[in-house]
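Dock chain B against the given chain A, drawing on the hints supplied.
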Amino acid sequence: MSASTEHHHHHHHHEDDGIEAVAPDWKDGKRYAWLLGLVVPMIPFIAYGFAEASGLGVFWWFGPAFIFAVMPLLDQLGGNDTSNPPEAVIKWLEADRYYRWCTYLFIPIQYAAIVFSAWMWSRGTLSTVESIGLAVSLGCTNGIAIANAHELGHKREAAEKWLARIALAPSLYGHFMIEHNRGHHVRVSTPEDPASSRMGESFYRFLPRTVSGSLKSAWHLEASRLRRAGNSPYTLKNDILNAWAMSVVLWGALLVVFGIGILPYLLIQGVLAFSLLEVVNYIEHYGLLRQKMDDGRYVRCAPEHSWNANLVASNVFLYHLQRHSDHHAHPLRRYQVLRHFDDAPNLPTGYAGMIVLAVVPPLYFALMNKRVVAHYGGDVTKANLQPSARDRYIRRYGNGGPSSTLPTAA
Amino acid sequence: MAKYECPECGRIYDEAEGDAREGFAPGTPIADFPADWTCPDCGVRDAVDYVKVEGSEAG
Chain A
1 MSASTEHHHH HHHHEDDGIE AVAPDWKDGK RYAWLLGLVV PMIPFIAYGF
51 AEASGLGVFW WFGPAFIFAV MPLLDQLGGN DTSNPPEAVI KWLEADRYYR
101 WCTYLFIPIQ YAAIVFSAWM WSRGTLSTVE SIGLAVSLGC TNGIAIANAH
151 ELGHKREAAE KWLARIALAP SLYGHFMIEH NRGHHVRVST PEDPASSRMG
201 ESFYRFLPRT VSGSLKSAWH LEASRLRRAG NSPYTLKNDI LNAWAMSVVL
251 WGALLVVFGI GILPYLLIQG VLAFSLLEVV NYIEHYGLLR QKMDDGRYVR
301 CAPEHSWNAN LVASNVFLYH LQRHSDHHAH PLRRYQVLRH FDDAPNLPTG
351 YAGMIVLAVV PPLYFALMNK RVVAHYGGDV TKANLQPSAR DRYIRRYGNG
401 GPSSTLPTAA
Chain B
1001 MAKYECPECG RIYDEAEGDA REGFAPGTPI ADFPADWTCP DCGVRDAVDY
1051 VKVEGSEAG
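Residue numbers (our numbering), protein chains in the order written: chain A, 1 to 410; chain B, 1001 to 1059.
Next up, chain A with everything else stripped away, as it sits in the complex (with noise of 0.2 Å):
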């Protein structure tokens, strides 16, 4: 796997020729990769590929082998993904509808995996064992579809918005979209954000937190977009209410076919899956804080209020959702031409490995809280702290003393 893009330095940068940016000569080195983000809905099949030539039940369980070792292990191997396009081909690699067609195609591999997954449970070939680690494996599927569909939701072409309900229709996430976009985004790095996780939160904290805070906050949002239109929040009209739809008519419908004995494993697979999406909400912006203006708002989200992370690998198979500053910065960007910043607050791994650390938390916090103190220049105030925790990493790291500076803004 090529780990850089070659470019061939343009000499005249031409940024305001116009929408009908020329086709460069510059190639995108990770190009014909991003297909390799279509093996993720095929988890399931390859496990039974696995599993039928080896004779090795075991084998049912490759999702999280996939993600907790093969991910990882391909992050040390591909190396780092620090190249950027030139701003002069961004309006071009931006209307490639090539890189569009690698996330549709995502989903309908997807709903295959779901039914074969859904028979397979429904043979009574496989042992319970076996049929969890298939359930399992599906929720990893059925979790990075949940990236998936953040690409797609964040786009204004309704189709594409629809297709990302699709894909959360399996996690039951489908309230995910509202949250995300307009409740996340608007409040991401502060105290108000469920989905910002603070200094000294561990996983286990932060889960419970994010799952119900997003959830209320989604509705609340729903509820006061159709109000204003003098509309009751209980229609179909309801973006999270059409998007609950889907997933009852696509889990009702696996359950009338394949048998109500399927429905413990559709349970695990629906909550592995949006437990895996939390688990990256979590890493995603630990500890960072917005300060506040003296108008009383928050600055704007900027590069320094997300962690990144420049494995090729993972960068793949995550649609460069580890670009997070620049996707926070300019949400409606596409994937393809999302930026890596040297400066921007980096993770010591790719977000797979980060996963594996977060389930660990005496280890995530030892390995985070001092890069959270050093990007606020040893001033702990700064961040976005457990209030539990406060008063103790206030003694541990105190407040950054007379001398120390804040890093300039990144």
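Read the hints as simulated data drawn from the structure, not as lab findings. What you were told as hints is all true, and nothing was included just to trick you.
According to the in silico footprint, chain B covers these stretches of chain A (three or more CB under 8 Å from chain B):
hint, region
1, 296 to 303
2, 330 to 344
List time: in silico DSBU-like cross-link candidates among lysine-lysine, alpha-carbon distance up to 30 Å:
hint, chain 1, residue 1, chain 2, residue 2
3, A, 216, A, 155
4, A, 91, A, 161
5, A, 382, A, 216
6, A, 91, B, 1003
7, A, 27, A, 155
8, A, 161, A, 216
9, A, 292, A, 155
10, A, 155, A, 237
11, A, 292, A, 216
12, B, 1003, A, 292
13, A, 91, A, 155
14, B, 1003, A, 161
15, A, 292, A, 370
16, A, 91, B, 1052
17, A, 382, A, 370
18, A, 161, B, 1052
19, B, 1052, A, 155
20, A, 216, A, 237
21, A, 237, A, 161
22, A, 237, B, 1003
23, A, 91, A, 27
24, B, 1052, A, 292
25, A, 382, A, 292
26, A, 155, B, 1003
27, B, 1003, B, 1052
If you want the ones that stay clear, here's a sample from chain A, every Cβ over 10 Å from chain B, calculated:
hint, residue
28, 65
29, 79
30, 90
31, 101
32, 109
33, 112
34, 124
35, 205
36, 216
37, 249
38, 258
39, 260
40, 355
Where a beta carbon is used, it is the ideal one built from N, C-alpha and C, also for glycine.
Using the frame of chain A, we list chain B on its own:
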């Protein structure tokens, strides 16, 4: 009545047309938007950040 544009994502609000999806009737001035209203497309900018489109004033 004028048009306003989001400085981040270019979304346009035309006061004359209003915004049915957002629940703003035709003729609603952007100044009357709720204080917590944020750009529905990017979520990065608030109503007060929207910039008047030059020459868009009418009626």
